[in-house]
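J.: Please model the entire structure based on the sequences and the hints provided.
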Amino acid sequence: MATLRTESLSKRFGGVEAVRGLTLAVEPGQITGLIGPNGAGKTTMVNLITGMLKASGGRILFGTSDITALSPSAVARLGIARTFQNIRLLKEASVLENIVVGFHCQEQTGLLANLLGLPAARRERRRFTAAARELTVRFAMEALADRPAGTLSYGHQRRIEMMRALAMRPSLLLLDEPVAGMNDVEANELGAIFRSLADDGMAVLLIEHNMRFVTALCDTLYVVSSGQMIASGPPGIVMRDPTVIAAYLGDDADA
Amino acid sequence: MLAQQVANGLVVGSVYALFALGFTLVFGVHHVLNLAHGSVCMWGAFIGLIAVAPDSVFATGPATPFLPLPVAFLLAMLGGGVLGVLLDLLAFRPLRKRHATEFAALVSSIGASLILISLAQQLSQTRILRFPFGTFPLQFFRFAGLRISSLQIFIFGCVAVLFAGLLFYLYRTSFGRQVRAVAVNERAATLLGVNPSAVYLQIFFISGALAGAAGVLIGLAFNSVNFLMGEPYLMRAFVVVVLGGLGSVTGAVVAGLLLGLIQVLTVVYVSSGLSDAIIFSILFLMLLVRPTGLFAGLRRDVRVVRG
Amino acid sequence: MTGWLLAYLPLLASAILDCGFAFSQYVVLRAGVFSVATAGFASLGAYAGALLTMRLGLPPALSLIGSLVVGAAAGALLSIPLARLRGVFQAIATLAFVQIVLSVSLFVEPVTGGALGLNGIPQAVQLWHLVIFLLVLLYLLHALGGSSIGRAFDAARQDETVAVALGISVVRYHALAFTLSGGIAGFTGGLYAFNRYSLVPDQFGFAMLVASLAAVVLGGRISVLGPVVGTAVLALLPELARGFAEQRYLLHGALLMLVIIFLPDGIVDTAKFRWRGAVRGNAAH
Numbered sequence: 001m002a003t004l005r006t007e008s009l010s011k012r013f014g015g016v017e018a019v020r021g022l023t024l025a026v027e028p029g030q031i032t033g034l035i036g037p038n039g040a041g042k043t044t045m046v047n048l049i050t051g052m053l054k055a056s057g058g059r060i061l062f063g064t065s066d067i068t069a070l071s072p073s074a075v076a077r078l079g080i081a082r083t084f085q086n087i088r089l090l091k092e093a094s095v096l097e098n099i100v101v102g103f104h105c106q107e108q109t110g111l112l113a114n115l116l117g118l119p120a121a122r123r124e125r126r127r128f129t130a131a132a133r134e135l136t137v138r139f140a141m142e143a144l145a146d147r148p149a150g151t152l153s154y155g156h157q158r159r160i161e162m163m164r165a166l167a168m169r170p171s172l173l174l175l176d177e178p179v180a181g182m183n184d185v186e187a188n189e190l191g192a193i194f195r196s197l198a199d200d201g202m203a204v205l206l207i208e209h210n211m212r213f214v215t216a217l218c219d220t221l222y223v224v225s226s227g228q229m230i231a232s233g234p235p236g237i238v239m240r241d242p243t244v245i246a247a248y249l250g251d252d253a254d255a
Numbered sequence: 001m002l003a004q005q006v007a008n009g010l011v012v013g014s015v016y017a018l019f020a021l022g023f024t025l026v027f028g029v030h031h032v033l034n035l036a037h038g039s040v041c042m043w044g045a046f047i048g049l050i051a052v053a054p055d056s057v058f059a060t061g062p063a064t065p066f067l068p069l070p071v072a073f074l075l076a077m078l079g080g081g082v083l084g085v086l087l088d089l090l091a092f093r094p095l096r097k098r099h100a101t102e103f104a105a106l107v108s109s110i111g112a113s114l115i116l117i118s119l120a121q122q123l124s125q126t127r128i129l130r131f132p133f134g135t136f137p138l139q140f141f142r143f144a145g146l147r148i149s150s151l152q153i154f155i156f157g158c159v160a161v162l163f164a165g166l167l168f169y170l171y172r173t174s175f176g177r178q179v180r181a182v183a184v185n186e187r188a189a190t191l192l193g194v195n196p197s198a199v200y201l202q203i204f205f206i207s208g209a210l211a212g213a214a215g216v217l218i219g220l221a222f223n224s225v226n227f228l229m230g231e232p233y234l235m236r237a238f239v240v241v242v243l244g245g246l247g248s249v250t251g252a253v254v255a256g257l258l259l260g261l262i263q264v265l266t267v268v269y270v271s272s273g274l275s276d277a278i279i280f281s282i283l284f285l286m287l288l289v290r291p292t293g294l295f296a297g298l299r300r301d302v303r304v305v306r307g
Numbered sequence: 001m002t003g004w005l006l007a008y009l010p011l012l013a014s015a016i017l018d019c020g021f022a023f024s025q026y027v028v029l030r031a032g033v034f035s036v037a038t039a040g041f042a043s044l045g046a047y048a049g050a051l052l053t054m055r056l057g058l059p060p061a062l063s064l065i066g067s068l069v070v071g072a073a074a075g076a077l078l079s080i081p082l083a084r085l086r087g088v089f090q091a092i093a094t095l096a097f098v099q100i101v102l103s104v105s106l107f108v109e110p111v112t113g114g115a116l117g118l119n120g121i122p123q124a125v126q127l128w129h130l131v132i133f134l135l136v137l138l139y140l141l142h143a144l145g146g147s148s149i150g151r152a153f154d155a156a157r158q159d160e161t162v163a164v165a166l167g168i169s170v171v172r173y174h175a176l177a178f179t180l181s182g183g184i185a186g187f188t189g190g191l192y193a194f195n196r197y198s199l200v201p202d203q204f205g206f207a208m209l210v211a212s213l214a215a216v217v218l219g220g221r222i223s224v225l226g227p228v229v230g231t232a233v234l235a236l237l238p239e240l241a242r243g244f245a246e247q248r249y250l251l252h253g254a255l256l257m258l259v260i261i262f263l264p265d266g267i268v269d270t271a272k273f274r275w276r277g278a279v280r281g282n283a284a285h
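Read top to bottom, the protein sequences are chains A, R and L. Number 255 marks the last residue of the first sequence (our numbering); no jumps. Number 307 marks the last residue of the second sequence (our numbering); no jumps. Number 285 marks the last residue of the third sequence (our numbering); no jumps.
Honestly, I wouldn't trust all of these hints.
Stated by the list, open to error - Examples of chain L residues toward chain R, derived with CB under 10 Å: (1) A93; (2) S103; (3) L116; (4) G120; (5) R248.
What the hints assert, rightly or not - Now the stretches of chain L that chain A is said to cover, found in silico as 3 or more residues with beta-carbon under 8 Å: (6) 151-159; (7) 166-180.
Hints were generated in silico from the structure; no laboratory data involved. For each residue, glycine too, the CB sits at the ideal point set by N, CA and C.
T.: Structure, rendered in structure tokens:
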């Protein structure tokens, strides 16, 4: 069963229909790509799925649950994590501290435990910090774990965002242009991490502009243009579809 | 009787409008609530009073007239403008430099207002001062069954002239165009060659001058000048700018007049003790229902609501 | 020595109460809510407590619980309409709330005594009560700050969009912050009433609003010691600057401006941050 499915999703802003009749499915263990020229509605889709925008029509199904009307924090708590196009980190906090924020949904001990200074609260905190450190190992940033996030390179900051999203132990990971502005080497390193996450069973939805990256990495592709789906399927076939090529001819996305 | 109250309400409202004009102008361009606006207004009244009868402020003897009212009025506006500029330079510019939050600007303006109030308190030695009797030649007219004083006409007239002047400045001069550009998008305006610092200085000068004018008018109208006189108007200004739309000049005037009417009518027909509660409840409701106000302001995308 | 100490006891009581109000302001600012409603909550709590004892004959201890409940309820109720507002609009709305409370308490004379207020409130709260209160409050807020609630507040304050994407229901935590703020202010208001002997509406106006805000701005809105240090500085100012007794407002104003421009995070948080930076810097080498 698909981890996430949208059925005829649409969103209207005043008179403008940003997204119309979009139906897609994201399977577990696969990397699904959502691509399209600028203004096609990709970010609108992400915002709809995560609940930041209210859909004008259609449904969003997470497993068997209808999450169309849920608030963003409720959607996140169900196990959908996302990264942002522009990096949103706490610049002054350390890498570890940034990641630990992602463990919030899993916090068991609350006020009372803290009030009584229960060892359980401290133990949990230590557990989260250790888990955060493990993530830094996986992302090859162990040595930088205690550095302030704002002092690190763009590529590193993107990884921190990724780790924070993973701290939520999501079943679905939404990546909004995760390799924008990176060179091929960095992008491929991240791509390998996405691949290993998918191989572990996670469903990954990747929104990107970088064609080469997407074609090499994704198992399935959905192409949107002007808010509508124009093609879907394995990358090899989709990229040769004349409608897709036509949609991109007027656009200056890098090939 | 109702018509009389309406007339009174419009005059009171015009003062609210004048006060709110400067306030909303600064918000529209700078996106900060200048909580020192009330104290600048108060200083306008003080400067006007010092110009007209310095002895009444500095000494306690009989007030000997010094400068005529029109000159005093202009001096008050000039003084208010200078105070406005000082506010920008000392309270707001340092914050702009480090891209501080709206919260910081608000707090800074509170601090500045405390300083201005304290200085006035010491100057006036906490007395309530008055413009000398006869500063403004008071005459009463009967018009269509209404009793209107020359002072009321003067106030309404001043506000109308100043409002027209402001509109002209904003929409017919190149300075005004620059102001509007900065209001919509400061960075884009800078790229287009506008100097934002100059724009801010102008705006604060004009805002202060308008506040100073309001101060003199209030001092004349209520025959009282004291170091806290500006604060109630500041509270009213919140209601005016939310009703009218933060940053909207026309909105400030329309809402100001409306508020004046509401104020007078609730005092007369409901209860003077509850008029404040009613007015602020209107503000509260407005914030819930339509926080952007009746008119769109100079600035179009005010981040008001979540999401 | 004891004579000198005794002379300062009233100052200490007053400072502890100010600190309580500052903590009410602190809670909302820490959660990223731009509320200045503290003075309004304080007024409600103070009058509720005093009236419960004076009109209904309840013992002060029970009335104080009433103060707490009234304040917390007001906070919870206020959070509902304010959930949709942000930034300066929250500030304006809460300012309107304070004005409304002030206005109504002046108006309902038969209940509140109007402008003359209430007199003859039993002085049930002594200094040692207040000291215990402050210590307990400090402990509670410290525990809160270190709990998942405190972390959620921090996340909501620093970046709401991210907080929400991480599963933190900002609406709920803001509501909690409002309720806590109301409860703390209400209870402190009750203590104020039973320590003071009389209540007047004007005590809960703009002056209290500015004082509470100033204390948090001065001290810091993250560390729990922030409001304590801020209140202490404000309380000691008139003592240190004896010559400037008349210019109290001026000093407050200048201090506010200087701090917000040069030390925007407040004394305690700036110090903490610098110290941590130094420690981290040393650890890295």
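J.: Now tell me, hint by hint, if it's right for this structure.
T.: Going down the list of hints, with the structure as the test:
1. A93: holds, 5 Å
2. S103: holds, 4 Å
3. L116: violated, 14 Å
4. G120: With Cβ-Cβ at 24 Å, over 10 Å, it is violated.
5. R248: holds, 8 Å
6. 151-159: holds (count 5)
7. 166-180: With 6 residues in contact (Cβ-Cβ under 8 Å with chain A), the coverage given for the region 166-180 of chain L holds.
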